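There are 2 protein chains.
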Amino acid sequence: MSDILPCLMHSPPLSPQLLNSLTPEENTQCQHGLYFQDGERRVDYILTYHIKKPSSSRSNRQSSRFTDNPRGDPEVASQDHSMDYHEDDKRYRREEFEGNLRDMGLELEKDEDTKTPGVGFVKIHAPWHVLCREAEFMKLKMPTKKVYEVKQCSGVGAKINTLVNKATEPLHPNVEENRGQHVKHLSYAFSREKQHLFDLSDRDSFFDSKTRASIVFEVLKRTKCTKAKYSMVILYVFYSTLFYPKAEIVLFFPCRKYFGEKIGLYFAWLGLYTQMLIPASLVGVIVFLYGCATVDNNIPSMEICHPRNNITMCPLCDRACNYWKLKEACGTARASHLFDNPATVFFSIFMALWAAMFMEHWKRRQMRLNYEWDLTGFEEEEVSDHPRAEYELCVMQKSLKKEHKTHKVLIAYSWVFTTEKEKLTCRDRLPAYMTNIVMMLLMIGVTFAIVFGVILYRISITAALHMSNNPTTRSNVRLMVKTTAAIINLVVILILDEVYGAVARWLTVLEVPKTDRSFEERLIFKTFVLKFVNAFTPIIYIAFFRGRLVGRPGSYLYVFESYRMEECAHGGCLMELCIQLSITMLGKQLIQNNLFEIGIPKLKKLIRYIKSKRRSFQEEEREKKLQRYETDHFLEPFAGLTPEYMEMIIQFGFVTLFVASFPLAPLFALLNNIIEIRLDAKKFVAELRRPVAARAKDIGIWYNLLRGVAKVAVIINAFVISFTSDFIPRLVYQYMYSPDGSMHGFVNHTMSYFNVSDFQDGKEPMDPHHLGYQVEMCRYKDYREPPWSNTPYVVSKEFWAVLAARLAFVIVFQNVVMLMSDIVDWLIPDIPKDISLQIHKEKILMVELFMKEEQGKMQFIDSMTPCDGKGRNNHAPIARSRSIPHTHSHTHDVDYT
Amino acid sequence: MSDILPCLMHSPPLSPQLLNSLTPEENTQCQHGLYFQDGERRVDYILTYHIKKPSSSRSNRQSSRFTDNPRGDPEVASQDHSMDYHEDDKRYRREEFEGNLRDMGLELEKDEDTKTPGVGFVKIHAPWHVLCREAEFMKLKMPTKKVYEVKQCSGVGAKINTLVNKATEPLHPNVEENRGQHVKHLSYAFSREKQHLFDLSDRDSFFDSKTRASIVFEVLKRTKCTKAKYSMVILYVFYSTLFYPKAEIVLFFPCRKYFGEKIGLYFAWLGLYTQMLIPASLVGVIVFLYGCATVDNNIPSMEICHPRNNITMCPLCDRACNYWKLKEACGTARASHLFDNPATVFFSIFMALWAAMFMEHWKRRQMRLNYEWDLTGFEEEEVSDHPRAEYELCVMQKSLKKEHKTHKVLIAYSWVFTTEKEKLTCRDRLPAYMTNIVMMLLMIGVTFAIVFGVILYRISITAALHMSNNPTTRSNVRLMVKTTAAIINLVVILILDEVYGAVARWLTVLEVPKTDRSFEERLIFKTFVLKFVNAFTPIIYIAFFRGRLVGRPGSYLYVFESYRMEECAHGGCLMELCIQLSITMLGKQLIQNNLFEIGIPKLKKLIRYIKSKRRSFQEEEREKKLQRYETDHFLEPFAGLTPEYMEMIIQFGFVTLFVASFPLAPLFALLNNIIEIRLDAKKFVAELRRPVAARAKDIGIWYNLLRGVAKVAVIINAFVISFTSDFIPRLVYQYMYSPDGSMHGFVNHTMSYFNVSDFQDGKEPMDPHHLGYQVEMCRYKDYREPPWSNTPYVVSKEFWAVLAARLAFVIVFQNVVMLMSDIVDWLIPDIPKDISLQIHKEKILMVELFMKEEQGKMQFIDSMTPCDGKGRNNHAPIARSRSIPHTHSHTHDVDYT
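Listed in order, the protein sequences are those of chains A and B. Quick note, the first sequence lines up with residues 1 to 897 if you use the numbering used here. Quick note, the second sequence lines up with residues 1 to 897 if you use the numbering used here.
Hints may contain errors.
Which copy is meant is left open, because identical chains are indistinguishable; a pair holds if it fits in one copy or across any two.
Below, simulated DSSO-like cross-link-like pairs (lysine-lysine); rule was C-alpha separation at most 30 angstroms, straight line [claimed, not checked]: (1) K184 with K514; (2) K605 with K166; (3) K588 with K604; (4) K398 with K325; (5) K841 with K90; (6) K184 with K221; (7) K110 with K90; (8) K833 with K398; (9) K697 with K110; (10) K683 with K145.
Everything labelled a hint here was simulated from the structure, so no lab data went into it. What you are looking at is a predicted structure, and each value in this text was computed from that prediction instead of being measured.
In isolation and in its complexed conformation, chain A is listed as follows (with noise of 0.2 angstroms):
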């Protein structure tokens, strides 16, 4: 991208390595707009309006797919022509608006006359009573001048940790900066009062820039006009512009020093996810490992390949089916083996205590970081404050219908804003809420449809297949089906997940919720809801319902009367889930994620490319005058960390859910992550506005969708083990049914009898004797009384036995791993050891501090009141507080008084 080049401010902050690297041209380019005109004043905050003619509909149309942008398009309101002639009034109100900002101490300067035409920019700048003022109300914990030492751990878990730490460093981006520092400056929330205890003698890098652009945001929030309600949100189209000199510094710099804790809480998260899966992929390599090795000693599947096995098999569909031989299942039944043996259960169990582990990890990083990042004793606000533009708009044009029908408008106009009581009731959003509602049930409706649709498409497509008379075609047919009918899966919910990514925040939007943090919670409860119905729906099916819904020899399941449910492969169906998961997996990463979040940019420049040919050499210069915060207008607003999050939790969703099936999903995971968090991180530096810094102390809704998918996926680990593996069914046979407790004879308990003069009329195969020799007896997979019994085709003991045995299994597997997590839980400390001691020992060195200086105060009482000891109006050593000089001060004050 030409107009995000990597530059640089000269502010402190910034390693000085870095800073060499520009050339003088480079730096001064940088500059242009970064200040005020008179070059001195920086520029903190932009405000952007629109003037007389809306014109930027172009800047608009870009925030629209996926991004979560939370100020975006009031517009779309605008568009009412009702509104359209309160232009004029709009001014006037933006004027006033801008007297009662100037009132607070801010200073501002205009400029209406840039080369972009219809926007108008309000660039702010925050003088230091303003910003010394603002950090005393938000309680912004500052470092101090007080320095003291952090013991260094010595141990050999010290040791290990910083060796792989250092291994693991390409894997997490830089979020911490305090990382093998032995000093730490004390910190205090800032105070006027108490000004001596910090370093203020160089002003201009005392707030860095991030936490200037909050300060103001902060006055900005509480600025109203005060005839009319109109608050900020009205007046201005974007206002959470922030522009600062764009760079690839993010690896290089921590990130919350650029973007707030917010973003560097996401960072870090993604950073110990990514660590945490080396393990994991560690294990399920070794594990799928173990499978290969163990191929050739297992003997179920070498009953099935033996030569001299010589079952015959019914036939998989009717008519056109023929009766087949146990031995061609051999290359199946192998390569289950891969995937069903007694290690992936000790799989699961590890991935569920992983999950635990990464839960209690990340609980004890995210207490480090909120101590390293000064955010102990920081409340985050339960309730914001801030009304979205649109509910404003919303509750305006309420009150403008109502008046519509008794008043004049103009005079309703100026009356309304004075109502304060106005707001949107239930019976307002019932129709929103209705359409939500209807509009789910429908998107997950439509995703079950089409689940369905492909099972039908398996299911005709295998009966057409067999009929063809080539060979060779028969025995790829299921491969064949089976590879075709997941890529189709994968393409469906590739197109759905933009689909339902739209239609959760359409039916977000129509909601009109009141505040940013409820619009974020309900947009992030329907995509979650809609992408994992999404993604999940046809895994779920083949490893739960495939297979089951067959019906018998005789008396099979028909779906529209014709199609007969479809069978899994002799050797389970956990063979086809893995293919299913894999599949799914590895194309919504590659296509989505990397093809999605590079490919497109990439498109995007060479269209530009290709324009700025055809477009006169003037204009291209032109543009490369533009200001700072203009080049910064025309990129893409910062949407929100909604979508990275849900792409997270949905590839965590793969990595846990059904990792008994599947154990190389971790690896897959791990390699995909070492791409995504560079890609993140360009991406949030170089494609979007910067967005106005939040602090956070932890990762909200997140924290607890994670924890949610975590025990999901133990009770679904416990049912792919017990009833889509055939691992409870060995296990029964070995201990309740072997002669000999070796696996001899199981796949032939497994198999029921089938007399072939039971078949119905019509569904019989076409040529019996395809075999070679006339089929009396035909086996399938099932616990059903033979023939011959005195109950023919019913449920045997066996499958009762079975049946409890996979119950048991799952209850005791359920339990058993969810007391383990509980274990891991309550073993591993939320805080670390060295933090707490840590935060003692500031504690222990601040009060040190103030009682230092007590001392002199406290002598000068012991003067003053010599013996009586009242304590009754001694009231001096606060007085004197402010008339003693402070010895610790080294600020260059200049008293005006």
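The hints should help you fit chain B onto chain A, whose structure is shown.
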């Protein structure tokens, strides 16, 4: 208790009518010892120490049994002879320590010439400037002068809420002071620089007595002897004695004002729990009544009781017992229906959701209290920095021992305390840890052994009584045995409960944990495990093991080769479980909670009365003139809340764990708690020393234990319903085997046939013609093949089908209930809406208040820096802020400068 008169101080927070109820003499008597000798300075804290010859063994013995005395008994170690001659050194250190306290600004008064021999008192008074300074360090939130109106909810829901609160008022103690108030003071962290914000007109009452005490305690914790690392915990015996006139005020007056937030939270929790028990007991009673009402329509018991029912049952014991008619089980079958009907399934789901609701409500209540008590923003200390006396003594001894080998003791003694790094290592603690593990296992083993003993008692007594020839004895055998066994169990539980409490304490003392926090946690963990095992082992045996390990006729299971394992009565084991549960629960509550807690104090009073009669009149007089703090010194120290919470959590276990079998449990718990609240309040006020007010935001580990119990309850209830009750067999019969879909024939279906010729030799009944005819086949309750099948007496297909259904029910129940609990958790917001709105409102008001203050400064800046707007060097506002008069300040400042 004669020494605890209902006397009150004239401190303002007390209600006037209570004050007026005191006669002037009482009032004067109460003042005795509350002030320094000058009668002006209030005593805020008391330190106690031994003088030369320790003779305070009496007061120490009192803190025995269950009490969790976190600071007590350093004498245990001081009985060590090597310590004895350091008494002088201690006196010296004490003087140094007191000097340090004076340096910190505290005012002390010594009183060694008391009527209590061997005990010295140090009275501490914190003067105003110390209070202010420490309140600032501790960031105590104090009410400001700014008052705002609290919006009263006006909806129907609010009205119902008020009604419910009024109706249940007697159930919960008065913990919240703000109820019904329409205005609230804004709170702000106290700061001397912002003094003008607070209403300091009455300095005596601005900090109430509990705050003053906790401020002094904070200073004490921080103070150490300079050279030697002697801290308060070594120098003084009882330093937590914090006297205050005791009164029966707790039910009229907010607990937290008197005891602090931690105890306030306990009473709030107990109140909410009791309140929540009301709906639970209501539904429980309804479920029980449903059982009573439908007992006559219950087909299985009708079939058993039917006069034409002619089923011959196999004998219940070897030789002595005879064949019997199923009709004889009619009574038991009818009684069983009371607790084994579909409503109990509903009830156990209800109770699981109830538990989830309770947890959620508690979270909300806690949040509300945190807000009302101005604890929002207060961060709990994660690391208690204060080593316990025992730990410090232990470290001291270790150092002494080490030095003893090389140096003379006296030299070593003074040297040792300069080495800071000495601490107890794992190696020092290994013996204690080993003892812990061995003892815990031993104790659990004892419980199991006793339960097994009771089983043997039941088996042998049953067999013995069956041999008696008296027919009335024989018919009452079962009931007698059950009841006596349950009573034996109860007595054993009560005795072991006391023993285990003492053992857990002893084991924890052995471990020498470093801090009070870890002491408490370890003690709680051990007590919890032991007491739960003790209370629930017999119940779990009856619920899940009894009647399951019986074998079958002809091949019974024997213990010690002669005792046949016991069977359940025909109606299932649920009935017996119910009896056991009710006896244990009622007995525990009546005897342990009420008899012990009311009876023992009454007994003590009686003994004292008898003693005082013998004593001379003079001595009694003398006792009356004791200073307040001397009287308090002989009260039992505050033992922590552990025993109170533990009692309640075990009750919570009874209410939730087996609620499927005993729907009346919530009712019993409710009745108990109504008394319990009053007893606890009385105990805290009148019988214990007033504890140091501790701030706490939540109930800590107890919440997690409650959650754990609630989780386990879901699983246990699932198993009780599916395995202990006949619910699942009935369902399976109705939907799988019943010819007409009704329950007719169910009794017959559950019983297998036994050919009497298959009895082992010597096991057949002595009197085969007891019923008047030759028995060839008898029936027994089990799903087994009949004697005429190919595989006689092998478990039948029905057995496996029922087993599978039972297991499936467990899975479905567990997951559905857990999901529903999670949904409840998710639906109910953690912060009540009105509280979040108020917090938001307070924040806005606070900013408004500050901004108003800033106005003056702003205008000043504008005039100072006309138009340069460089934002540099405008340091003026801060300088000015020191000199402008605070217009809002109404304090009577007397300036000494």
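Handout entry: Intra- versus inter-subunit Cα pairing at 30 angstroms for K833 with K398
Key = between (56 angstroms within a copy, 25 angstroms between copies)
Practice task
Go through the copies and call it for K588 and K604: within, between, both or neither, with a Cα cutoff of 30 angstroms.
Solution key: within (22 angstroms within a copy, 76 angstroms between copies)
Exercise for the section: Could you figure out if K184 and K514 sit no more than 30 angstroms apart (CA to CA) within one copy, between two copies, both or neither? Expected result: between (42 angstroms within a copy, 27 angstroms between copies)
Exercise for the section: Using 30 angstroms as the alpha carbon limit, work out where K697 and K110 are close: within a copy, between copies, both or neither. Expected result: Neither, since 36 angstroms and 49 angstroms both go past 30 angstroms.
Handout entry: Identical-chain pair category, K398 with K325, by Cα at 30 angstroms
Key = neither (74 angstroms within a copy, 80 angstroms between copies)
Problem - Within, between, both or neither: K683, K145 at alpha-carbon 30 angstroms - result: neither (37 angstroms within a copy, 51 angstroms between copies)
Exercise for the section: At 30 angstroms max between alpha carbons, let me know whether K184 reaches K221 within a copy, between copies, both or neither. Expected result: Between. Shortest inter-copy distance 26 angstroms satisfies the 30 angstroms Cα cut-off; intra-copy 33 angstroms does not.
Exercise for the section: Classify it for me, K110 with K90: is the Cα-Cα distance of at most 30 angstroms met within a copy, between copies, both or neither? Expected result: So K110 and K90 pass the 30 angstroms test inside one copy only (16 angstroms; across, 75 angstroms).
Practice task
Classify it for me, K605 with K166: is the Cα-Cα distance of at most 30 angstroms met within a copy, between copies, both or neither?
Solution key: Close neither inside one copy (36 angstroms) nor across copies (70 angstroms); limit 30 angstroms.
Exercise for the section: Classify it for me, K841 with K90: is the Cα-Cα distance of at most 30 angstroms met within a copy, between copies, both or neither? Expected result: between (55 angstroms within a copy, 28 angstroms between copies)
Hints 2, 4, 9 and 10 from the earlier list are contradicted by this structure; the remaining hints agree with it.
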